[in-house]
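Each chain, letter by letter, is given below.
Protein chains: 2
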Amino acid sequence: MKKHNFSAGPAILPQSVLAEASEAVKDFQGVGLSILEMSHRSAEFTAVMEEAQQLVKQLYHLPDNYKVLFLTGGASSQFYMVPMNLLPQSGSASYVNTGTWSTKAIKEVSNFGTVKEIASSKDKGFSYYPKGYEIPEDSAYLHLTSNNTICGTQIKHYPDTNVPIVCDMSSDIFSKSIDYKRFGVIYAGAQKNLGPAGTTLVIVNEDLLGKTDRSIPTMLDYRTHVAKNSMFNTPPAYPVYVCLLTLRWIVAQGGLEAMQANNEAKAGLLYNEIDSNPLFKGVAASEDRSLMNVTFVLENKDLESAFLAACTEANISGVKGHRSVGGFRASIYNAMPKSSVQVLVDLMKEFTRTHG
Amino acid sequence: MKKHNFSAGPAILPQSVLAEASEAVKDFQGVGLSILEMSHRSAEFTAVMEEAQQLVKQLYHLPDNYKVLFLTGGASSQFYMVPMNLLPQSGSASYVNTGTWSTKAIKEVSNFGTVKEIASSKDKGFSYYPKGYEIPEDSAYLHLTSNNTICGTQIKHYPDTNVPIVCDMSSDIFSKSIDYKRFGVIYAGAQKNLGPAGTTLVIVNEDLLGKTDRSIPTMLDYRTHVAKNSMFNTPPAYPVYVCLLTLRWIVAQGGLEAMQANNEAKAGLLYNEIDSNPLFKGVAASEDRSLMNVTFVLENKDLESAFLAACTEANISGVKGHRSVGGFRASIYNAMPKSSVQVLVDLMKEFTRTHG
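From first to last, the protein sequence lines are chains A and B.
Residues in the first sequence are numbered from -10 upward in steps of one, following our numbering.
Residues in the second sequence are numbered from -10 upward in steps of one, following our numbering.
Next up, chain A with everything else stripped away, as it sits in the complex (with noise of 0.2 Å):
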């Protein structure tokens, strides 16, 4: 019996995206060839590479001179990237550090260039966005995480700046719609909204490319893959073509709009719950609260190992906080049924009758 699955990544996939997967694992298109074991010059798998940059490009509006790649070493990859490709040694980049996946990216700067980490949450443990903080102009960019995963806590309105902003858009990336001039580089690890884990999203303008006067490995150069169109070498090609099934069940869906106001739905329904129900609190401050992951803890401890039993024996898999904060979090990524939200909320009902 299929699961009722909010875990934080990798996460949960559309039902049809997952039928057309498999079955191409099988056999391809009736090619007689599984997706697996085809040649990446194939005239079938550069139109699935082709058409799913496309995608990517027509869900942000994106011109001609933002380039999208699909590489590989996840999000924490783009840590190093980042700098590597855009911080000159002289230069400094400014820093917003929102949790855990900021902090290990601001990690990573200083053997390219200066890191101002220009503001944070720390003192109150993640729970909040910050707001208000001066960005230096000379920043040769400025470095957010859009959605934080551990703590639940999601950026509402990007900055005023003409800084460029490069963004970790790792677990909200097309959960809605954005203004893509703001952006410099967008990155995203596939695991969460956008397909398997495997391959990570970049998007980047290119203009911002070869100032560093830095010697850069060739798999490491962004101008590399913008050259040769995500195909210098051999890419991960199966998560790419389930990235490809993915964007089309977005566009099918209703696109970024659609995708928004069904997360706003599901989260409203979430959050309303957790706000109503004494037994239950949540975790991020109201204001920035993620419509990814909604986090949230029992006011009494004591019964956290009933929640999670009676979660199981309810089909539902993968509500366990992150070992880090603990609690609970539920991850309701664009693929998630509101129908499944509304069962956790009923257990949430259910349990409180019983143990409240």
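Accuracy of the hints is not assured; some may be wrong.
Unchecked claim - Dumping the calculated BS3-like pairs for lysine-lysine here, alpha-carbon to alpha-carbon at most 27 Å:
1) Lys270/A / Lys145/A
2) Lys270/B / Lys338/B
3) Lys(-8)/B / Lys270/B
4) Lys96/A / Lys217/B
5) Lys327/B / Lys338/B
6) Lys(-8)/B / Lys15/B
7) Lys(-8)/B / Lys15/A
8) Lys96/B / Lys217/A
9) Lys338/B / Lys(-8)/B
10) Lys(-8)/B / Lys327/B
11) Lys(-9)/A / Lys15/B
12) Lys200/A / Lys93/B
13) Lys217/A / Lys309/B
14) Lys111/A / Lys93/A
15) Lys111/B / Lys309/B
16) Lys93/B / Lys165/B
17) Lys165/B / Lys46/B
18) Lys327/B / Lys15/A
19) Lys93/A / Lys200/B
20) Lys93/B / Lys217/A
21) Lys96/A / Lys200/B
22) Lys(-9)/A / Lys338/A
23) Lys309/B / Lys327/B
24) Lys217/B / Lys93/A
25) Lys15/A / Lys(-9)/A
26) Lys217/B / Lys111/A
27) Lys111/B / Lys217/A
28) Lys(-8)/A / Lys15/B
29) Lys309/B / Lys15/A
I should point out that these hints are in silico values taken from the structure, not numbers from a laboratory.
Model, not experiment: these values are computed from the prediction.
Since the structure of chain A is already known, use the hints to place chain B on it.
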């Protein structure tokens, strides 16, 4: 109808692997989740990673100080990660240049130390494997490419040296037994003998690490992945899973001895036809011929398109030679059944009967 898949990579995988890999995309072992949407921290996926590592150790009889990593970025990323991790800035590394891939590997070294190209077969278009070269005793390592997919050469005897060998085995990993003690690092993009594109196997003798005094980005430091058992960040879960299925298949077939015997039989069948058929001629020097990639040309180039058409007609796919050398290439990796090689041989005979 299933094609006879002679693609150089991504390449043929065992049919039983593809069937099980397809099923896991629908539901992984009855847990109610697809393998594509399961947390990499789940007990189920942790078991996948650990068994895959264990089988690699078992097949090559590796002791505890040889660590097995499933990374990303392809062999192309190892071209710079190897010197970054093993070569002190004041040190030198020796490289044998046997083709396109060695040439690319050599290009990445100079950022990190001195590179010595101690032997090369470029003088004859990389159609043979250099032998009898001197290896400087002070080399941090000796880099070899064991099998060259483009020209179809393969090393038959590794040199006797105290210098640790770093070997790109992308295209003949697990095709035969090796003596691990000669090697400091073995790496291989998965997409030939091991699995689909999207993961790179790296076997590293950890005694060689930590000697460069270089500041290495976290994700590029082998020690990061050794310390976290290849789970520092989200690994390419599905590609690793398909590698596990392929490793199990190798073991079930009788291990590396069985692979080698089968590979010798298949290659013998095809080379015998090339040598005895007046229309065809082998590309690589006889004594250096690859058991994995059989390269050949038609003596009369005017017949090329007719031969390719006959292959297509016979449901044979992927035999066109690499764009840089032309002619034909039949890649007959572990998973290629002898019966498919026989189909190609029969076609060559028939082609000669009708066009000879």
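Right, here's what the structure says about each hint:
1. Taking the CA atoms of Lys270/A and Lys145/A, the gap is about 21 Å. The hint holds against a cut of 27 Å.
2. About 14 Å separates the Cα atoms of Lys270/B and Lys338/B, which keeps this hinted pair within 27 Å; it holds.
3. Of the supplied pair hints, the one linking Lys(-8)/B and Lys270/B holds, its CA atoms being roughly 25 Å apart against a limit of 27 Å.
4. The hinted pair formed by Lys96/A and Lys217/B meets the criterion: a straight-line CA distance of about 18 Å does not exceed 27 Å.
5. Between Lys327/B and Lys338/B, the direct Cα distance comes to roughly 16 Å. Compliance with the 27 Å bound is thereby established for this hinted pair.
6. Between the alpha carbons of Lys(-8)/B and Lys15/B the distance comes to roughly 24 Å, so the proposed pair stays at or under 27 Å and holds.
7. Only pairs whose Cα atoms come within 27 Å are accepted, and Lys(-8)/B paired with Lys15/A is accepted, the gap being roughly 12 Å.
8. Among the hinted pairs, Lys96/B with Lys217/A is consistent with the structure: their alpha-carbon atoms are about 18 Å apart, no more than 27 Å.
9. A C-alpha spacing of about 20 Å is found between Lys338/B and Lys(-8)/B, which places the hinted pair at or below 27 Å, so the restraint holds.
10. The hinted pair formed by Lys(-8)/B and Lys327/B meets the criterion: a straight-line CA distance of about 14 Å does not exceed 27 Å.
11. Straight-line distance between C-alpha atoms of Lys(-9)/A and Lys15/B comes to about 10 Å, which keeps the hinted pair within the 27 Å bound.
12. Between the alpha carbons of Lys200/A and Lys93/B the distance comes to roughly 24 Å, so the proposed pair stays at or under 27 Å and holds.
13. Simply put, Lys217/A and Lys309/B have alpha-carbon atoms about 22 Å apart, close enough for the 27 Å limit, and the pair holds.
14. Between Lys111/A and Lys93/A the CA atoms are separated by roughly 13 Å; this keeps the pair inside 27 Å, and the hint holds.
15. Restraint check: the Cα-Cα separation between Lys111/B and Lys309/B comes to about 22 Å, which is no more than 27 Å; the hinted pair holds.
16. Straight-line distance between C-alpha atoms of Lys93/B and Lys165/B comes to about 25 Å, which keeps the hinted pair within the 27 Å bound.
17. Our distance criterion of 27 Å between C-alpha atoms is met by Lys165/B and Lys46/B, whose separation comes to about 14 Å.
18. Note on Lys327/B and Lys15/A: the hinted pairing holds, with a Cα-Cα distance of about 21 Å set against a maximum of 27 Å.
19. Note on Lys93/A and Lys200/B: the hinted pairing holds, with a Cα-Cα distance of about 24 Å set against a maximum of 27 Å.
20. Under the criterion of a C-alpha separation no larger than 27 Å, the hint pairing Lys93/B with Lys217/A is consistent with the structure, at around 16 Å.
21. A distance of roughly 22 Å separates the Cα atoms of Lys96/A and Lys200/B; the hinted pair therefore holds under the 27 Å criterion.
22. Only pairs whose Cα atoms come within 27 Å are accepted, and Lys(-9)/A paired with Lys338/A is accepted, the gap being roughly 22 Å.
23. The suggested pairing of Lys309/B with Lys327/B holds, with an alpha-carbon distance near 20 Å, which does not exceed 27 Å.
24. Between Lys217/B and Lys93/A the CA atoms are separated by roughly 16 Å; this keeps the pair inside 27 Å, and the hint holds.
25. Distance check on the hinted pair: Lys15/A and Lys(-9)/A sit about 22 Å apart at the alpha-carbon level, within 27 Å; holds.
26. The suggested pairing of Lys217/B with Lys111/A holds, with an alpha-carbon distance near 26 Å, which does not exceed 27 Å.
27. The straight-line distance between the Cα atoms of Lys111/B and Lys217/A is roughly 26 Å, inside the 27 Å bound, and the hint therefore holds.
28. For a cut-off of 27 Å, the pair hint linking Lys(-8)/A to Lys15/B stands: about 12 Å separates their Cα positions.
29. A C-alpha spacing of about 24 Å is found between Lys309/B and Lys15/A, which places the hinted pair at or below 27 Å, so the restraint holds.
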